[in-house]
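Number of protein chains: 2
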Amino acid sequence: MSAQDQLVTWALERFGPRAVVTDRDAIDPWVHDWRGRYHGAAPAILQPDSTEAVSAMVARAAAADVALVPQGGNTSMVGGATPPADGSTLILSLRRMNRIRALSSDDNLVTAEAGVILQTLQETAAARKRRFPLDLGARGSATVGGLVSTNAGGTQVLRFGTMRGLVAGIEAVLPDGSVHDGLSPLKKDNRGYDLNQLLIGAEGTIGVVTAANLRLVPAIESRAVAWVGLDSPMAALDLLRRMEARSTMIESFEIIPGDSLSLVLKHIPDTRAPLASEHAWHVLIEVVRTDGRGQEPQAVLEESLADALETGLITDAALAQNEGQADDFWKLRHSLSEAERASGPAVQHDISVPVSAMPRFMLDAAAAAEAKFPGTRATAFGHLGDGNVHFHVRAAEGTDAERFYADEAEPISRFVNDLVTAADGSISAEHGIGQMKLEELERLGQPARLAALRAIKAAFDPHERFNPGKLVTLAPKPRRP
Amino acid sequence: MSAQDQLVTWALERFGPRAVVTDRDAIDPWVHDWRGRYHGAAPAILQPDSTEAVSAMVARAAAADVALVPQGGNTSMVGGATPPADGSTLILSLRRMNRIRALSSDDNLVTAEAGVILQTLQETAAARKRRFPLDLGARGSATVGGLVSTNAGGTQVLRFGTMRGLVAGIEAVLPDGSVHDGLSPLKKDNRGYDLNQLLIGAEGTIGVVTAANLRLVPAIESRAVAWVGLDSPMAALDLLRRMEARSTMIESFEIIPGDSLSLVLKHIPDTRAPLASEHAWHVLIEVVRTDGRGQEPQAVLEESLADALETGLITDAALAQNEGQADDFWKLRHSLSEAERASGPAVQHDISVPVSAMPRFMLDAAAAAEAKFPGTRATAFGHLGDGNVHFHVRAAEGTDAERFYADEAEPISRFVNDLVTAADGSISAEHGIGQMKLEELERLGQPARLAALRAIKAAFDPHERFNPGKLVTLAPKPRRP
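Heads up: the protein sequence lines correspond to chains A and B, in order. Each residue of the first sequence is one higher than the one before, counting from 1 in UniProt numbering. Each residue of the second sequence is one higher than the one before, counting from 1 in UniProt numbering.
Treat the hints as calculated values from the structure; they're not laboratory data. Among the hints, erroneous ones may be present.
Copies of one chain are not kept apart here, so a pair can be met inside one copy or by any two copies together.
Below are the DMTMM-like pairs computed for lysine to aspartate or glutamate, each with C-alpha atoms no more than 25 angstroms apart in a straight line [claimed, not checked]:
no.	residue 1	residue 2
1	372	302
2	129	307
3	187	418
4	129	442
5	372	327
6	187	364
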């Protein structure tokens, strides 16, 4: 009997049938990534329902030299939770660990287990008149463990930051099965290297997060949403800066090129342009009020946009007149990817550069990519205030999708990643490295940084038993940083 | 010639006489900690003035197996920058690296080299109508490199956090001399383990910080300061919570026991009680306004305190009527340690527990310590909103200081640290581990966490050449986490 089979048998005996899945059909949805790009295999899924069970399974797996792929909602954009195709790993699913252990609205803290789904977390907070201020498209599937392990972002990062800014504590099982209990929400704690910070964004490669203590913020009382037309990303950043000087309540500030809006209007039913005239660029702004004090969001937007119109910074603007209209504006933003998919093949990049450099980068990089790959159209949209845009290069019209992805995707991505790196930016702003960006990270990372990543991986998981083949690999042979 | 001497000779030849100090009198101030508790020795100080020079010196030291103690302003409270007494290390001073490389008031960012002194940084920001919102007593000596490496806190952490919340980027030289350039201020960057986060609070044991990109905030337009008398720490936390629900502009919220105030009034000239009546507890509150919008700080305080008086939450309150009075209130707070020193020997603890647990902890721990060590008086004061108080146990009246420190200090500290650990708190909230708390960290740390600290140290600095004997040591033999 293989070491994997022995482990599965042991887990069945010790934790019962709910703790182990061996049925092929039941396993199948979890060995492919949701975009259908990565196809793995695993003979079984381990499904512990407590930290103690995770600890016992991991210790047993370590002793038996069985590698594990930690998995939450399996919504990775970079193949980060898909096991290797050779069946050499078991999946360690955290989905059964889905309890809210504690919620204190006085302390604005919630302790959620790794398997709690984002939407459930949001609803739990809302029921207590609080808000968990992180949101993304996969909210119905993504889990707390995955959100922490990928330092997830989304459309609401402007005020409260990414997951790193929302984590007050972490509990994790390390590759030898030992438990790191860092849940205590200490605002000041200087007892050496911050293990919690190290686990955030580590993609399950040096520990598996079993629970997190997360910050809550006051619930939104009212919001105002505007759609703005303007000439350039520079004008958009200027507008953001002016609004930030006026109000601390800017919740979202999304930039959208005119070209991308056209695709939405063309391909997505029941959409219409918020502005009568055409514009090279648009921004979608949401301002909120949470504490019954300070200016009304509607007034903040009205005053800011009136000033901006008067000085010629923007060319047109529409304020949503009601919640329905606000949702319509947001639907345009959320439909960008779908519209693009409907219009033909594209290579997508999730990149960031310093905020101040982003407007120029959007224009220059798009021009450079289109010049280098004739016939393509390059567009950037997303979270301007975070310096994070999704930079997409669409195939020339009529290009065969298969041929495009086979021949052009890689050179285009390398070209874009070179530009980002030259601009002191990141080739992965939100999505992580997973297996998709591993080669590019190795190609473009600073030697000192790559050596440090390998040294950290080797320190925690020298036998590469935790999420092997993701984020960092120990070959080429680790050099000490 | 010893390896140290060879390195010194090489540095002199390559970088000139300003880069090396070998004069004993010039070295002397830097081998003792400022409180006179730790006395080390070093045959020379290396003083590079550029990142390249740091890199070259560290690489050469690594090749020659010479250990280095990175040093900034030498203001550690835990002997973190004092070399060992056997002269086995050279000091690597970053004080000559004192340039402000860049400051953008649009971006609210400043890139400062490691040797920039905190007060200089504050003044540089103020000259551009911005503020660097971290302050502490050693502002005239403490340097950026040390502040980052100790994740410094202070009295203004409530709104903007410790250094961790203010660092947008880090440049550091790793123990092999390679340079980590993580200065780019990316708000979203998910390229694996966050090396910047790992270096914050690492006390120079895995890398020496050479520069940091730091966040600035708007300058303060106006402030209001109040002194409040109340019955208990629980009432104080309740008041803080109510004020936080009302305003986001609470800059400081310091708790002071009546007993400690009495010592100040007794021992410090030109001080007087802000309130006519006596109170068991006091809080000092500062509310600020920065952006010309929102409520006047005075009004926030008046309304909050009027409500609190009416409901009986507090028993008395005085608002500073002018800046002079505000300074007088703050002088009382800043004189607490001096007054205590004047009144006799005391053992001090810099501890934190979760904010919600702090009021109860302050009372219970003080009672427990006084019961366990008859005749002592235990008091706690400090930053209630951060869960961080300075917990001092004073000797019984008439106790001989030397005897007290020799016989009682250690048992008292162990007792207090046991209580903190049992409350899921930290034995070092602000000051770090250095050499002072090394044994207690080893005694009280979770096994998984201690193993992780050692594994990280071994990954970056297996020969313990960076700040040896501080924060973590590799003996007992590292176990993999």
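**List of violated hint numbers, smallest to largest** = Result: hints 1, 4, 5 break, sorted rising.
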